[in-house]
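> Full structure from sequences and hints, please.
Protein chains in written order, with the working numbering: chain V, 14 to 143; chain Z, 14 to 143.
Hints are supplied without guarantee of correctness; some may be wrong.
Unchecked claim - Taking lysine-lysine and the BS3-like style, the derived pairs with C-alpha atoms no more than 30 Å apart in a straight line are:
hint: 1; chain 1: Z; residue 1: 115; chain 2: V; residue 2: 132
hint: 2; chain 1: V; residue 1: 115; chain 2: Z; residue 2: 129
hint: 3; chain 1: V; residue 1: 129; chain 2: Z; residue 2: 21
hint: 4; chain 1: V; residue 1: 95; chain 2: Z; residue 2: 109
hint: 5; chain 1: V; residue 1: 109; chain 2: Z; residue 2: 109
hint: 6; chain 1: V; residue 1: 64; chain 2: Z; residue 2: 43
hint: 7; chain 1: Z; residue 1: 129; chain 2: V; residue 2: 132
hint: 8; chain 1: Z; residue 1: 115; chain 2: V; residue 2: 74
hint: 9; chain 1: V; residue 1: 132; chain 2: Z; residue 2: 74
hint: 10; chain 1: V; residue 1: 74; chain 2: Z; residue 2: 129
hint: 11; chain 1: Z; residue 1: 64; chain 2: V; residue 2: 95
hint: 12; chain 1: V; residue 1: 95; chain 2: Z; residue 2: 74
hint: 13; chain 1: V; residue 1: 74; chain 2: Z; residue 2: 109
hint: 14; chain 1: Z; residue 1: 64; chain 2: V; residue 2: 107
hint: 15; chain 1: Z; residue 1: 109; chain 2: V; residue 2: 107
hint: 16; chain 1: V; residue 1: 54; chain 2: Z; residue 2: 132
hint: 17; chain 1: V; residue 1: 74; chain 2: Z; residue 2: 107
hint: 18; chain 1: V; residue 1: 109; chain 2: Z; residue 2: 54
hint: 19; chain 1: V; residue 1: 95; chain 2: Z; residue 2: 115
hint: 20; chain 1: Z; residue 1: 41; chain 2: V; residue 2: 132
hint: 21; chain 1: V; residue 1: 115; chain 2: Z; residue 2: 15
hint: 22; chain 1: V; residue 1: 129; chain 2: Z; residue 2: 95
hint: 23; chain 1: Z; residue 1: 54; chain 2: V; residue 2: 64
hint: 24; chain 1: Z; residue 1: 115; chain 2: V; residue 2: 83
hint: 25; chain 1: Z; residue 1: 115; chain 2: V; residue 2: 129
hint: 26; chain 1: V; residue 1: 129; chain 2: Z; residue 2: 54
hint: 27; chain 1: Z; residue 1: 83; chain 2: V; residue 2: 132
hint: 28; chain 1: V; residue 1: 129; chain 2: Z; residue 2: 83
hint: 29; chain 1: Z; residue 1: 132; chain 2: V; residue 2: 74
hint: 30; chain 1: Z; residue 1: 15; chain 2: Z; residue 2: 83
hint: 31; chain 1: V; residue 1: 109; chain 2: Z; residue 2: 107
For the record, the hints were derived by calculation from the structure and aren't laboratory data.
There are 2 protein chains.
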Amino acid sequence: MKIGELAKRSGCSIQTIRFYERQGLLSKPKRTEANYRSYGKALLDELIFIKQCRSLDISIKEIETLIYNKNNPEQSCSSVNKLIDEHICQVNEKIKELSSLKLTLEQMAQSCDANKTIKECGILSELTGS
Amino acid sequence: MKIGELAKRSGCSIQTIRFYERQGLLSKPKRTEANYRSYGKALLDELIFIKQCRSLDISIKEIETLIYNKNNPEQSCSSVNKLIDEHICQVNEKIKELSSLKLTLEQMAQSCDANKTIKECGILSELTGS
DNA sequence: TCTTGACTCTATTCTAAGTATAGACTTTAT
DNA sequence: ATAAAGTCTATACTTAGAATAGAGTCAAGA
Ligand SMILES: [Zn+2]
Ligand SMILES: [Zn+2]
Ligand SMILES: [Zn+2]
Ligand SMILES: [Zn+2]
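Spelled out as structure tokens, the structure:
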């Protein structure tokens, strides 16, 4: 199949597919005589794997590592488990940060309920004087 | 004061200060004879305002708008209030996304508790077969 | 056969908010 | 006088793609 069909089947955009290839993440496909990319099922599966990982916010560098792992099936999977654990930590951190930010923003919003002028705006005065 | 002291007093790095100036966010300071930037209290306050906003994840473009508002104190502050409300919405969205991601990651982590080989790894098999 | 539209190609630029250099110049302290 | 610390500009790098320009290719209809 050509890149347009791969895009439809995988749900990735054409530019994203070419980007993954440039990054060395997705294997280079064969080319037709006209230099069009020509994909088979194996590359579709590669791409779906990449997409799964990205949907979990696993970075491209980390996906490289995971692909390397997949190609060495006899080794221990402890690094894979560790990678996921670290992601969970990061997500927890981020949720904490955002919850705190949310609280601050909501308090700030309450300090100016009605429409006032800029110079009377409770929000701006909170932002100005710390 | 020179840029190093401004950096210490504001908590921004020197590069960040110069970056804000290049972006037109922080006013250009006077220069000494040797072309060193020379700041006064007014610019320190400007920078602190910018830092407050950034700590609430308000973008540089939005800070530009807020600064424009501050310079027109007789106008209505409704756009300021709206900006904050929109931020609260965005933060809520992001928290939802992350909570869902967290759940997925935790379930995935449970699918491989012990150290196995890569080919037996529950995490990798979940990532591979969707 | 010609043409039109849809598809693909590479290469380059852009995004956000900084961070990190290199190479030159100035100021301060010893 | 010299060395260390501070400052200057300009440039490149970071993430994960998105967007574009200009050229080439393919299939269908007139
Ligand atoms: Zn990660
Ligand atoms: Zn207000
Ligand atoms: Zn915003
Ligand atoms: Zn495992």
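> Hint by hint, say whether it matches the structure.
These are the hints, each one checked on the structure:
Straight-line distance between C-alpha atoms of residue 115 of chain Z and residue 132 of chain V comes to about 42 Å, which puts the hinted pair past the 30 Å bound. The hinted pair formed by residue 115 of chain V and residue 129 of chain Z fails the criterion: a straight-line CA distance of about 41 Å is larger than 30 Å. Restraint check: the Cα-Cα separation between residue 129 of chain V and residue 21 of chain Z comes to about 35 Å, which exceeds 30 Å; the hinted pair is violated. With a C-alpha separation of about 24 Å, the suggested pair residue 95 of chain V and residue 109 of chain Z falls inside the 30 Å cut-off, and the hint holds.
Restraint check for residue 109 of chain V and residue 109 of chain Z: the C-alpha separation of about 12 Å stays at or below 30 Å, so the hint holds. Restraint check: the Cα-Cα separation between residue 64 of chain V and residue 43 of chain Z comes to about 51 Å, which exceeds 30 Å; the hinted pair is violated. Distance hint between residue 129 of chain Z and residue 132 of chain V is unfulfilled; the C-alpha atoms sit about 64 Å from each other, more than 30 Å. Taken as a hint, the residue 115 of chain Z and residue 74 of chain V pair is honoured in the structure, with Cα atoms around 20 Å apart against an allowance of 30 Å.
Restraint check: the Cα-Cα separation between residue 132 of chain V and residue 74 of chain Z comes to about 21 Å, which is no more than 30 Å; the hinted pair holds. Proximity of residue 74 of chain V to residue 129 of chain Z is assessed by CA-CA distance (about 23 Å); at most 30 Å being required, the pair is judged to hold. The hinted pair formed by residue 64 of chain Z and residue 95 of chain V fails the criterion: a straight-line CA distance of about 35 Å is larger than 30 Å. The suggested pairing of residue 95 of chain V with residue 74 of chain Z is violated, with an alpha-carbon distance near 39 Å, which exceeds 30 Å.
Between the alpha carbons of residue 74 of chain V and residue 109 of chain Z the distance comes to roughly 26 Å, so the proposed pair stays at or under 30 Å and holds. Only pairs whose Cα atoms come within 30 Å are accepted, and residue 64 of chain Z paired with residue 107 of chain V is accepted, the gap being roughly 20 Å. At roughly 12 Å between alpha-carbon atoms, residue 109 of chain Z and residue 107 of chain V fall within 30 Å of each other, so this suggested pair holds. Restraint check: the Cα-Cα separation between residue 54 of chain V and residue 132 of chain Z comes to about 20 Å, which is no more than 30 Å; the hinted pair holds.
Between residue 74 of chain V and residue 107 of chain Z the CA atoms are separated by roughly 23 Å; this keeps the pair inside 30 Å, and the hint holds. Proximity of residue 109 of chain V to residue 54 of chain Z is assessed by CA-CA distance (about 34 Å); at most 30 Å being required, the pair is judged violated. Taking the CA atoms of residue 95 of chain V and residue 115 of chain Z, the gap is about 15 Å. The hint holds against a cut of 30 Å. Restraint check: the Cα-Cα separation between residue 41 of chain Z and residue 132 of chain V comes to about 24 Å, which is no more than 30 Å; the hinted pair holds.
Taking the CA atoms of residue 115 of chain V and residue 15 of chain Z, the gap is about 35 Å. The hint is violated against a cut of 30 Å. Taken as a hint, the residue 129 of chain V and residue 95 of chain Z pair is honoured in the structure, with Cα atoms around 13 Å apart against an allowance of 30 Å. A hinted pair counts as satisfied when its Cα atoms are at most 30 Å apart, and residue 54 of chain Z with residue 64 of chain V does not qualify at roughly 51 Å. Taking the CA atoms of residue 115 of chain Z and residue 83 of chain V, the gap is near 24 Å; set against the 30 Å cutoff, the hint holds.
For a cut-off of 30 Å, the pair hint linking residue 115 of chain Z to residue 129 of chain V is broken: about 41 Å separates their Cα positions. As the CA atoms of residue 129 of chain V and residue 54 of chain Z are separated by approximately 28 Å, the hinted pair is consistent with the 30 Å bound. Restraint check for residue 83 of chain Z and residue 132 of chain V: satisfied, since their Cα atoms lie roughly 7 Å apart, inside the 30 Å limit. Straight-line distance between C-alpha atoms of residue 129 of chain V and residue 83 of chain Z comes to about 13 Å, which keeps the hinted pair within the 30 Å bound.
For a cut-off of 30 Å, the pair hint linking residue 132 of chain Z to residue 74 of chain V stands: about 21 Å separates their Cα positions. Proximity of residue 15 of chain Z to residue 83 of chain Z is assessed by CA-CA distance (about 26 Å); at most 30 Å being required, the pair is judged to hold. The hinted pair formed by residue 109 of chain V and residue 107 of chain Z meets the criterion: a straight-line CA distance of about 12 Å does not exceed 30 Å.
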